[in-house]
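Trainee: Here are the chains, one letter per residue:
Number of protein chains: 2
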Amino acid sequence: MATTPALSAPSAGASFEKTTIDRRELRGEDVQIEISYCGICHSDVHQARDEWGGSIFPMVPGHEIAGVVTAVGPEVGRFSVGDRVGVGCMVDSCGECEYCVAGEEQFCVKGNVQTYNGREYDGTPTYGGYSRQIVVKDRFVVAIPESIELADAAPLLCAGITTYVPLKHWRVGKGTKVAVVGMGGLGHVGVQIAAAMGAEVTVLSQTLSKKEDGLRFGAKEYYATSERETFKKLRSSFDLILNTVSANLDLDAYLRLLRVDGTLVTVGAPPTPDKVQAFSLIAGRRSLAGSAIGGLPDTQEMLDFCAEHGVRPAIELIAAEAVDGAYDRVVSSDVRYRFVIDATTIG
Amino acid sequence: MATTPALSAPSAGASFEKTTIDRRELRGEDVQIEISYCGICHSDVHQARDEWGGSIFPMVPGHEIAGVVTAVGPEVGRFSVGDRVGVGCMVDSCGECEYCVAGEEQFCVKGNVQTYNGREYDGTPTYGGYSRQIVVKDRFVVAIPESIELADAAPLLCAGITTYVPLKHWRVGKGTKVAVVGMGGLGHVGVQIAAAMGAEVTVLSQTLSKKEDGLRFGAKEYYATSERETFKKLRSSFDLILNTVSANLDLDAYLRLLRVDGTLVTVGAPPTPDKVQAFSLIAGRRSLAGSAIGGLPDTQEMLDFCAEHGVRPAIELIAAEAVDGAYDRVVSSDVRYRFVIDATTIG
Numbered sequence: 461m462a463t464t465p466a467l468s469a470p471s472a473g474a475s476f477e478k479t480t481i482d483r484r485e486l487r488g489e490d491v492q493i494e495i496s497y498c499g500i501c502h503s504d505v506h507q508a509r510d511e512w513g514g515s516i517f518p519m520v521p522g523h524e525i526a527g528v529v530t531a532v533g534p535e536v537g538r539f540s541v542g543d544r545v546g547v548g549c550m551v552d553s554c555g556e557c558e559y560c561v562a563g564e565e566q567f568c569v570k571g572n573v574q575t576y577n578g579r580e581y582d583g584t585p586t587y588g589g590y591s592r593q594i595v596v597k598d599r600f601v602v603a604i605p606e607s608i609e610l611a612d613a614a615p616l617l618c619a620g621i622t623t624y625v626p627l628k629h630w631r632v633g634k635g636t637k638v639a640v641v642g643m644g645g646l647g648h649v650g651v652q653i654a655a656a657m658g659a660e661v662t663v664l665s666q667t668l669s670k671k672e673d674g675l676r677f678g679a680k681e682y683y684a685t686s687e688r689e690t691f692k693k694l695r696s697s698f699d700l701i702l703n704t705v706s707a708n709l710d711l712d713a714y715l716r717l718l719r720v721d722g723t724l725v726t727v728g729a730p731p732t733p734d735k736v737q738a739f740s741l742i743a744g745r746r747s748l749a750g751s752a753i754g755g756l757p758d759t760q761e762m763l764d765f766c767a768e769h770g771v772r773p774a775i776e777l778i779a780a781e782a783v784d785g786a787y788d789r790v791v792s793s794d795v796r797y798r799f800v801i802d803a804t805t806i807g
Numbered sequence: 461m462a463t464t465p466a467l468s469a470p471s472a473g474a475s476f477e478k479t480t481i482d483r484r485e486l487r488g489e490d491v492q493i494e495i496s497y498c499g500i501c502h503s504d505v506h507q508a509r510d511e512w513g514g515s516i517f518p519m520v521p522g523h524e525i526a527g528v529v530t531a532v533g534p535e536v537g538r539f540s541v542g543d544r545v546g547v548g549c550m551v552d553s554c555g556e557c558e559y560c561v562a563g564e565e566q567f568c569v570k571g572n573v574q575t576y577n578g579r580e581y582d583g584t585p586t587y588g589g590y591s592r593q594i595v596v597k598d599r600f601v602v603a604i605p606e607s608i609e610l611a612d613a614a615p616l617l618c619a620g621i622t623t624y625v626p627l628k629h630w631r632v633g634k635g636t637k638v639a640v641v642g643m644g645g646l647g648h649v650g651v652q653i654a655a656a657m658g659a660e661v662t663v664l665s666q667t668l669s670k671k672e673d674g675l676r677f678g679a680k681e682y683y684a685t686s687e688r689e690t691f692k693k694l695r696s697s698f699d700l701i702l703n704t705v706s707a708n709l710d711l712d713a714y715l716r717l718l719r720v721d722g723t724l725v726t727v728g729a730p731p732t733p734d735k736v737q738a739f740s741l742i743a744g745r746r747s748l749a750g751s752a753i754g755g756l757p758d759t760q761e762m763l764d765f766c767a768e769h770g771v772r773p774a775i776e777l778i779a780a781e782a783v784d785g786a787y788d789r790v791v792s793s794d795v796r797y798r799f800v801i802d803a804t805t806i807g
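Keeping their order, the protein sequence lines are chains A and B. In case it helps, the working numbering puts the first sequence at residues 461 to 807. In case it helps, the working numbering puts the second sequence at residues 461 to 807.
These aren't lab readings, by the way, just hints derived from the structure by calculation. It is possible that some hints are incorrect.
If chains are identical, the list can't say which one is meant, so a pair holds when it fits in one copy or spans any two.
The calculated SDA-like cross-link candidates involving lysine to any residue, where the alpha carbons are at most 20 Å apart (straight line), are [claimed, not checked]:
id, residue 1, residue 2
1, K570, S696
2, K735, V705
3, K628, A743
4, K570, R719
5, K693, V569
6, K735, A707
7, K570, V720
8, K628, I742
9, K735, A713
10, K570, F739
11, K570, K692
12, K478, F517
13, K671, P534
14, K692, G571
15, K597, L486
16, K634, S696
17, K693, G571
18, K671, A656
19, K692, E494
Make the full structure from the sequences, and use the hints.
Mentor: If you want it as structure tokens, here you go:
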């Protein structure tokens with residue numbers, strides 16, 4: 461056991477406290493990582509405030525982790541001390557089911573182990589990246605390419621993979637017309653990835669307040685969804701709509717923006733059911749789909765893709781003391797575009 | 461103009477009357493068809509009773525038409541007098557848009573012309589197959605293979621193509637696990653087509669009352685959706701669920717029956733919106749989709765496929781006088797499995 465400083469929420473909605481947690485002794489396949497940076501994902505807020513139910517407290521959130529290897533177990537071949545590495549939303553899975561074998565650990569039949577607010581298969585609660593050190597099985601560690609700063613790499617481990625996978629799965633590329641709904645932590649990365657894949661990208665945001673940024677990130681067009689005219693003008697325009705907003709939208713209105721055989725894929729789950737008219741799908745053979753993170757091979761591929769194409773999140777670096785305030789600003793969408801905690805300030 | 465006997469609904473929900481209608485003089489690309497049989501589709505009932513709104517009266521329904529060519533215009537090369545032919549849901553489209561060029565006339569940008577309860581591009585109302593004769597542009601006429609009886613061919617022109625296209629589009633084949641929801645006019649054909657494509661087919665029907673038929677049509681399993689146990693047992697089982705039921709289902713329960721990357725495709729539109737939890741789609745990267753009929757090349761391909769694989773609807777042949785009663789039996793699902801009108805009884 462090694463004790464390490466951490467930022468912990470003692471109960472639902474409580475302020476974060478500096479404390480220490482124990483990390484396990486290195487097993488054969490384990491990698492010990494000194495955490496440099498950890499991104500703040502909107503799902504951190506949901507879980508720390510127990511908005512989805514079932515949260516485990518005390519909680520140390522954080523699944524956008526970037527750092528440096530400080531030790532490896534005897535069976536680890538892929539990483540060495542000093543390597544720049546990242547950890548995302550999962551830290552274990554069964555390793556044997558068809559999905560694990562295919563490198564799609566997010567679909568593990570046994571259920572994967574979440575990086576925080578989860579339990580290891582032996583029942584031990586998991587603690588995430590708002591800390592100075594973490595010990596993770598090597599399969600769930602990815603290499604961060606040299607050209608990506610560690611602070612920039614952190615948000616890619618969730619926001620990057622969450623947007624990369626649906627864009628890849630639905631074969632976005634040259635000639636594809638993509639709309640990204642929402643210009644937040646996920647959206648601003650999704651726009652960059654879709655553009656880097658060769659797509660013609662349109663942002664659909666509530667207002668035009670972030671238009672300049674959107675165009676800078678690679679969007680060709682930028683429309684306000686608060687204007688009904690947008691939904692008339694863009695009818696039957698897109699092959700894929702990537703919805704990064706976790707609120708209930710007028711899905712029928714968005715589905716009508718799809719071309720024949722188009723897909724509206726959502727990566728954020730609103731708390732209440734969505735409504736959809738079957739006719740919106742039947743007309744134009746359209747699909748409404750969902751997607752969540754991605755497996756480890758895709759996570760590595762995504763980082764390499766971002767390195768090659770210059771995809772970088774826009775971050776606001778904060779100290780541990782600022783996390784409570786940052787949570788409020790995440791909820792009010794007052795961040796351009798992702799908070800990243802400087803882990804050296806944790807303790 | 462040629463006058464021909466027809467069965468007409470004078471107003472919404474009124475009994476059918478024997479009358480005569482005019483068919484246009486043959487234009488260069490026109491095929492004149494003596495109608496032998498016409499199937500009764502559930503959508504005939506919806507439209508004759510104006511349940512979708514906007515119906516045009518008097519109405520001569522019918523878009524499952526099988527008959528024999530009696531004359532052709534001078535520009536028709538594909539058909540000759542005496543040919544056995546069919547007409548489905550469309551009788552015209554722009555012919556120039558990307559979808560028409562691709563043989564996907566159902567997606568015509570200008571809007572295709574429905575076989576009945578529609579209007580030609582010049583404004584003339586269209587009258588369907590509950591009549592003795594029809595004149596149709598050759599592009600919208602398909603050849604009925606020798607091995608398919610005309611009475612059996614009729615329902616394939618809508619029920620067949622409506623189920624064939626989604627099964628083809630979502631790549632059903634050997635190794636695919638398909639569930640067909642509903643064992644009515646569409647479902648009983650869908651089961652046969654999916655099985656003929658090589659899929660392992662399960663029927664999900666309200667009760668087990670049609671189980672023997674389902675297995676005879678090629679299903680391997682048959683479950684009652686009225687039993688909650690069904691939804692536990694079949695969790696994560698199917699690659700594709702073909703939903704032929706036009707009622708609001710508990711879509712979340714059905715989506716959970718899909719494997720990773722599975723699709724629930726619906727071909728029937730309930731009048732009120734469906735509810736769906738985004739999480740049901742996000743977990744397992746599942747899709748909810750819709751599909752409607754198919755283009756002319758696919759319609760011909762479907763008929764040829766049915767001929768080759770022995771796919772035949774189970775029909776109940778009726779005379780013109782029985783149509784009103786048949787409509788009530790369609791609504792109460794009291795038909796195994798498709799009514800077909802013997803057109804010679806119309807007049």
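Trainee: Can you tell me if K634 and S696 fall within 20 Å by alpha carbon in one copy, between copies, both or neither?
Mentor: Intra 18 Å, inter 34 Å, cutoff 20 Å: intra-copy only.
Trainee: What label fits K628 with A743 when the C-alpha limit is 20 Å: within, between, both, or neither?
Mentor: between (25 Å within a copy, 17 Å between copies)
Trainee: Give the relationship of K735 and A707 under a CA distance limit of 20 Å: within one copy only, between copies only, both, or neither.
Mentor: both (12 Å within a copy, 15 Å between copies)
Trainee: I want to check one pair: K692 and G571. Are their C-alpha atoms no more than 20 Å apart within a copy, between two copies, both, or neither?
Mentor: between (43 Å within a copy, 17 Å between copies)
Trainee: Is it within, between, both, or neither for K478 and F517, if the alpha carbons may be no more than 20 Å apart?
Mentor: within (14 Å within a copy, 76 Å between copies)
Trainee: Evaluate K735 and A713 at a C-alpha cut-off of 20 Å and name the case that applies: within, between, both or neither.
Mentor: both (11 Å within a copy, 15 Å between copies)
Trainee: How would you classify K693 and V569 at a CA-CA limit of 20 Å: within, between, both, or neither?
Mentor: between (43 Å within a copy, 15 Å between copies)
Trainee: At most 20 Å between alpha carbons: which applies to K693 and G571, within, between, both or neither?
Mentor: For K693 and G571, the Cα distance is within 20 Å only across copies (18 Å; inside one copy 43 Å).
Trainee: Evaluate K570 and F739 at a C-alpha cut-off of 20 Å and name the case that applies: within, between, both or neither.
Mentor: Only across copies: K570 and F739 sit 18 Å apart there, 36 Å inside one copy, limit 20 Å.
Trainee: One pair to classify: K671 and A656, alpha carbons no more than 20 Å apart. Within, between, both, or neither?
Mentor: Close inside one copy (18 Å), not across copies (52 Å); limit 20 Å.
Trainee: How do K570 and S696 come out at 20 Å by Cα distance, when the copy is not named: within, between, both, or neither?
Mentor: between (40 Å within a copy, 13 Å between copies)
Trainee: When Cα atoms must be at most 20 Å apart, do K570 and R719 count as within-copy, between-copy, both, or neither?
Mentor: For K570 and R719, the Cα distance is within 20 Å only across copies (14 Å; inside one copy 37 Å).
Of the numbered hints stated above, those contradicted by the structure are hints 13 and 19, listed in ascending order.
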